[in-house]
Amino acid sequence: MIAELVSGVMRIAFFKKSKARTCTTRSIAKALRRAGHEILTINERKLRRFLGRPLSSAWAIRSVNRFEPDAVFIHGNDISLEVLDGITGNAKTVMFTPDCWPSPPSRPNLGIARRVDLLLTVARGQIPEFLRAGVRHVEYLAESCDPSLHYPISGARPLYHSDVAFIGKRAEGAGGAHRTSLIQQMHARFDTALYGTGWETMGLPSRRKNAFPSHYREICRGSKIVLGSDWRHDCEWYFSNRTWFTLGCRGFLLTNYSPGLEDLFENHRELVWYRSPEEAVELAELYLERPHERERIAQAGHDYVMANRTTDHLVRDLLDRIEGRPAAFPPRRDAILTPAVGFSPTRSKPVSARESRVVGQSVKPGPT
1 MIAELVSGVM RIAFFKKSKA RTCTTRSIAK ALRRAGHEIL TINERKLRRF
51 LGRPLSSAWA IRSVNRFEPD AVFIHGNDIS LEVLDGITGN AKTVMFTPDC
101 WPSPPSRPNL GIARRVDLLL TVARGQIPEF LRAGVRHVEY LAESCDPSLH
151 YPISGARPLY HSDVAFIGKR AEGAGGAHRT SLIQQMHARF DTALYGTGWE
201 TMGLPSRRKN AFPSHYREIC RGSKIVLGSD WRHDCEWYFS NRTWFTLGCR
251 GFLLTNYSPG LEDLFENHRE LVWYRSPEEA VELAELYLER PHERERIAQA
301 GHDYVMANRT TDHLVRDLLD RIEGRPAAFP PRRDAILTPA VGFSPTRSKP
351 VSARESRVVG QSVKPGPT
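Here the sequence shown stands for residues 1 to 368, numbered as in this note's numbering.
Bear in mind the hints are in silico, worked out from the structure with no lab data behind them.
Among the hints, erroneous ones may be present.
Cross-link-like lysine to any residue pairs, in silico, SDA-like; alpha carbons within 20 Å at most [said to hold, decoys possible]:
id	residue 1	residue 2
1	Lys17	Ala58
2	Lys92	Arg66
3	Lys224	Arg316
4	Lys46	Asp70
5	Lys30	Arg49
6	Lys224	Leu288
7	Lys169	Ser181
8	Lys92	Lys46
9	Lys17	Gly134
10	Lys30	Leu288
11	Lys169	Thr180
All figures in this text were calculated on a predicted structure; none of them were measured in a lab.
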């Protein structure tokens, strides 16, 4: 069990890759420094390209031990076992896995997770699986967006205009089948823009293979609906970082439901969720006809993220977890102040019950 650390400035050794497409590790390092902590960043994969494995491992171990960190923070699997085992001193070791794993987690992939003091996962539903697999201590940590990268812009180039946009690759397996069916149905009904790899094999053009933050901002501005489809829909509190990026850019997000999503968001308030490709098509048709409602929901989603889930919030929760305190996220739903569901600030009266009926289900009014 992790002992409580001395409060104040911490020395943190941060093992990471560059993540050039999402820039997430760079954003986390900047947020840690903004919080006043001393950071040593190590990109072991890059070191191995220049020095080879033996020399890079020796250099990394020596650098970390000389730094004498209070904590070693590992993003994903961005550390080798020999380096992790070579770290001396009393540093608390923490691994953050930013994706959902196959169930059950396979033992070959658990080497690092089973050695660290604390594993942080974006999929709360997998915590029991990790514990059964021999991981010592597991907690939930939601991802975030960086407001310096994901923010609303006033206009987008015509390349990024569409009714519906999806950012992500075509995937294999069960999750890939969900995504493929969804994209096929959306593409058949709407002007659908795809940003990612693999879609050409289905005869569907992709406007870009990669979406960097500058492209992400234009996609969210130029698309009326940004579509979410995670590779797993069955894991509690799991969804990809596209959720936070889209809301940060003030995009209107129509995404798949996953168990417990209502604990974090309210349907038709900060985003809209669907439970099948067919329902997603119906919801897209409904909201394409309601631009004011899209704008209201997109603004509420943006306000929610800025108040609760920027990279600074992630770092706050990360340090709380390291020090043995409960994380502040998610907030209590009754403490969240966003425009009431079923009411558009651009109108002089609430949306009628008939107008707010969505796929056979009335939208409940928000708290007064």
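Verification of the hints:
In summary, the hint linking Lys17 to Ala58 is supported, as the alpha carbons are separated by about 18 Å, within the 20 Å threshold. Restraint check for Lys92 and Arg66: satisfied, since their Cα atoms lie roughly 16 Å apart, inside the 20 Å limit. As the CA atoms of Lys224 and Arg316 are separated by approximately 33 Å, the hinted pair breaks the 20 Å bound. For the hint pairing Lys46 with Asp70, the CA-to-CA distance comes to about 24 Å; that exceeds 20 Å, so the pair is violated.
As the CA atoms of Lys30 and Arg49 are separated by approximately 25 Å, the hinted pair breaks the 20 Å bound. Note on Lys224 and Leu288: the hinted pairing holds, with a Cα-Cα distance of about 7 Å set against a maximum of 20 Å. Proximity of Lys169 to Ser181 is assessed by CA-CA distance (about 13 Å); at most 20 Å being required, the pair is judged to hold. Between the alpha carbons of Lys92 and Lys46 the distance comes to roughly 24 Å, so the proposed pair goes past 20 Å and is violated.
Proximity of Lys17 to Gly134 is assessed by CA-CA distance (about 26 Å); at most 20 Å being required, the pair is judged violated. Between Lys30 and Leu288, the direct Cα distance comes to roughly 38 Å. Violation of the 20 Å bound is thereby established for this hinted pair. Straight-line distance between C-alpha atoms of Lys169 and Thr180 comes to about 10 Å, which keeps the hinted pair within the 20 Å bound.
Checked against the numbered hints above, the structure breaks hints 3, 4, 5, 8, 9 and 10 and satisfies the rest.
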